[in-house]
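Enquirer: Starting from the given sequences, assemble the full structure and let the hints guide the process.
Residue numbers (the numbering used here), protein chains in the order written: chain C, 1 to 567; chain Y, 1 to 567.
Think of the hints as simulated: they come from the structure by calculation, not from any bench.
Misleading hints may appear alongside valid ones.
If several chains are the same, the list does not tell them apart, and a pair holds so long as it fits within one copy or across any two.
[Said to hold, decoys possible] Below, computed lysine to any residue pairings styled on SDA-like, alpha-carbon distance capped at 20 Å:
1) 126 to 2
2) 97 to 77
3) 97 to 108
4) 481 to 429
5) 306 to 374
6) 97 to 144
7) 517 to 121
8) 351 to 383
9) 403 to 565
10) 532 to 14
11) 432 to 171
Letter by letter, the chains look like this.
Protein chains: 2
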Amino acid sequence: MRQSTFLVPTLRDNPSGADAVSHQLMLRAGMIRQSSAGVYSFLPLGWRVLRKVEQIVREEMDRAGAQEMIMPAIQPSELWKESGRWEDYGPELMRFKDRHQREFALGPTHEEVITSIVRDDVRSYKELPMTLYQIQNKFRDERRPRFGVLRGREFLMKDAYSFDRDFDGLDESYQRMYEAYTNVFTRLGLNFRAVIADSGAMGGKDTHEFMVLTNIGEDTIAYSDQSTFAANIEIAPCADEYSQQDGEAEELREVDTPGQKTIEGVGQYLNLPAERCIKAVFYEVDEELVMVLVRGDHESNDIKLKHVLDAGKVEAASEELIRSTGKTVPGSAGPVGIEGEVHIIADNAVKYMVNACTGANKEDVHFVNANPGRDFTPDRYEDLRVIKEGDPSPDGNGTIQFKEGIEVGHVFKLGTKYSEALGATYLNNEGKAKPIVMGSYGIGVSRTVAALIEENHDENGIVWPKACAPFDVHLIAINSKKEDQRELADRLYEQFSQTGLDTLYDDRAERAGVKFKDADLIGIPLRVQVGKRAEEGYVELKQRANGDAEEVHVDQLASRIGDLLDL
Amino acid sequence: MRQSTFLVPTLRDNPSGADAVSHQLMLRAGMIRQSSAGVYSFLPLGWRVLRKVEQIVREEMDRAGAQEMIMPAIQPSELWKESGRWEDYGPELMRFKDRHQREFALGPTHEEVITSIVRDDVRSYKELPMTLYQIQNKFRDERRPRFGVLRGREFLMKDAYSFDRDFDGLDESYQRMYEAYTNVFTRLGLNFRAVIADSGAMGGKDTHEFMVLTNIGEDTIAYSDQSTFAANIEIAPCADEYSQQDGEAEELREVDTPGQKTIEGVGQYLNLPAERCIKAVFYEVDEELVMVLVRGDHESNDIKLKHVLDAGKVEAASEELIRSTGKTVPGSAGPVGIEGEVHIIADNAVKYMVNACTGANKEDVHFVNANPGRDFTPDRYEDLRVIKEGDPSPDGNGTIQFKEGIEVGHVFKLGTKYSEALGATYLNNEGKAKPIVMGSYGIGVSRTVAALIEENHDENGIVWPKACAPFDVHLIAINSKKEDQRELADRLYEQFSQTGLDTLYDDRAERAGVKFKDADLIGIPLRVQVGKRAEEGYVELKQRANGDAEEVHVDQLASRIGDLLDL
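Expert: Here it is, written out as structure tokens:
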């Protein structure tokens, strides 16, 4: 491609409003342009990278036996009402009416559509298992689109859906997709982890998020520094491996703590470290009041509480509800003396506390020297806190570290949520109708492009890995006005094109400095610079990643390029 | 692909409501499923064909030097207001509001978006010419979606836009696209013509529609039986090659024609053939009354009238307007005696009429023996009628025939309509700002798939041309229960897959009749049937197009398949 008429409008300066490095570089390298908030065009250079990533995804999906198809973006509201998501999905679902006032949504995902197809067209156990996928623009009306294509309102996604006879089959389909995803992100050279995630609103069971560990992102990942363990901090389990605290049990006594309503305040007032205090947190769990105890230096985790109690709804309890018990007060609550009156459940760490401070269930009064087992016994001990950096990894290997993560993929066991709601059944080998067991699997293709840049750049621009570079070679005539340079560059361009080497040829009448700056910004792996030694047949071959440069005679050029690109 | 778990739900019977053959066959062959009116999913088999057509389009666009990119479906109303199309486009434009009540459209085409990108990012004449394209789902809220994917509301389209310094450049860009389109449809083996079309609402100048000539369609094409001439009958020019009618001029006289208000009625009443009668048709052209004269066996053409008079608006005149002249009456109107009073313009054919009958501008009275030149002289003679079958081709070669046409492509000279509206200028070599000159070029990719089926089917199903068949070979184990057949078929499937032959393998436990029927329906070019002679190593190789069958030994099979598929 000749750069003179190739639409790659590079920018000198960082555009205002672009916070993420990938967003800045995609704009500056002329890969994307914004059309409206969170909505982008991919210009030819960006399109080339998008296609390379898409193709790697496709190859791995095909290799895993998935069948490609394509569903429409326009989805009728009726299907979403069948699944219940027309109400549940909220304002992220873009809705509109057609000329006949019928309601539609722009697909953010396609569980309903694919389930309706399978409902109508799959009959027998003989046709299962089956995994279908598509690569398509999706629509989500994000409240706050940001970071360029990392959180957009229209974005390219690969979504796949598996259909099995039973849950064992689902486990196998899920595992195949899990492996395919691992292959995709490994081929792209990303630093990623498959992270245990919360199933959230999708209504499924097992779920993993494929997260690229980086310095930007909307999730925090707890991972082990010595194993593959990784989980979203929202649900990362904490090992029940605490040491008993020091000291002999002393006598329980009340102390006045005037005006102290927080653990920090009480601790300071009594000169006690946070890990010697018990925090009592109240939740309303399916309309029942629950007191959760955690160590003062820990945070309670409502998602874990929800799982532990197998609850529908978990919310912070209102002061009114707490007071309505008549047994305790907010700000001075604790487990002592109210067992049997309030449902009390404690984090495992509380079990190992000695001479703890806790609320006395009277305004401005706390206990000190409270000891579990002696002074109080919660209904149960469970893992109920948020994991912390420095915690032991729950798999027993290494220590927990935190890093920001970009979610590039998500695998999900849906079970029969959609097949039951929409009536997608098959006849088993005894002729009995059974609900099809489903999984759903997404990869954010455009988001992956941004994640690649977050991981592969330096202060001068993008540094594309070979697997997804927009071109193999950036050919530069350093001074296009010099006939020998232009002629040799033209000849090499011709030759590269004939041998199938994807080449961007900077044939512009620009100064060398401008060309080099643009080349660094665009980040093509290999640069062939035709300069002063053109007449002798020598060019400079430079690697973007490490800056290594060598003089190569044109006779050796093809072979040397082949070596460097592993062709 | 093993057919047992491949989602290709064939149907025995024609689905109700599917009128077009292509629609029936796409449903029956399990290529598509309807999601809502005019909105379809392409199942894996349909997807494969769609991708093959898309790839041919892409290759020819790339070969023509166009650059691929991708723009969003979501378009902000602001851009459409700049071009004026937010008002003009009407209810076909699907509109919606986001969560912040901002207005958007789902792109039916992308002139506005691409022009805004080029406006911001193309500066200099050095960057032109440039042609950009994308392949993407488009949205049009058709009043009456029908014929399956032939007229849908969401459909796959390739749209391209050229940007030039001037109109000479546009002519070249247009010609390159014209040739690329010719290559695409030639490679697909379609019986097509590039048809001169009316520029209509797009606001451009030259325009050609690429029409597949077939038995279904929404346009009628006039084409020559001996040349490449073809035009939409709405605008097909008529050669000014008429013979003078027989006879000597006789005396003009009035005759009573009580109650006869139509040409047919007057002709019958006076026992005159239609070609001896002059039809006077009144139009209101930009608020002026115009009388158009055509021969009684011809139809007047308001689109030609609009072009001839370079008019803004042409409508049938109201009876009130006609009577308001005081010079003529509807039903008995004619040119005699009112020259200078009413604007009269005649079709060329009228010039050659002898002793014609025409209205006398009095109720229930006509003239006979009216002769042009002697009894009346219109303000001008022009080509003002609709072409007819049997007319001489206007290029001088052959005779005009009519056929229905499916529009699969459209090339269009936009000029500066959008660049001026949106302010897309470039600096010429003298540093002066000039509007960029644009062209726009579309191919309906999903519609082309349907057109291919309209042209390539028989009573048993689809007959895919090799260039766009979903698979190369349909491998069938006639009786999967017989071990020797299954084993040989398995072995061939393995072998085909390894050699890159795209194979659909019917491994189902179905009766042979069911398998053959499905194979005919799906229409893969070559069928390999493993049957009774499996043990001897013989299979039957059958061509879908002509039904030719031959027994081939497996050792010769690969080579024979290669011959038949031109591999």
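Enquirer: Does each hint fit the structure? Answer for all of them.
Expert: Consistency of the hints with the structure:
| no. | hint | in the structure |
| --- | --- | --- |
| 1 | 126 to 2 | between (54 Å within a copy, 12 Å between copies) |
| 2 | 97 to 77 | both (10 Å within a copy, 16 Å between copies) |
| 3 | 97 to 108 | both (17 Å within a copy, 16 Å between copies) |
| 4 | 481 to 429 | between (77 Å within a copy, 18 Å between copies) |
| 5 | 306 to 374 | neither (28 Å within a copy, 100 Å between copies) |
| 6 | 97 to 144 | between (24 Å within a copy, 16 Å between copies) |
| 7 | 517 to 121 | between (56 Å within a copy, 18 Å between copies) |
| 8 | 351 to 383 | within (11 Å within a copy, 99 Å between copies) |
| 9 | 403 to 565 | neither (32 Å within a copy, 55 Å between copies) |
| 10 | 532 to 14 | neither (33 Å within a copy, 72 Å between copies) |
| 11 | 432 to 171 | neither (22 Å within a copy, 67 Å between copies) |
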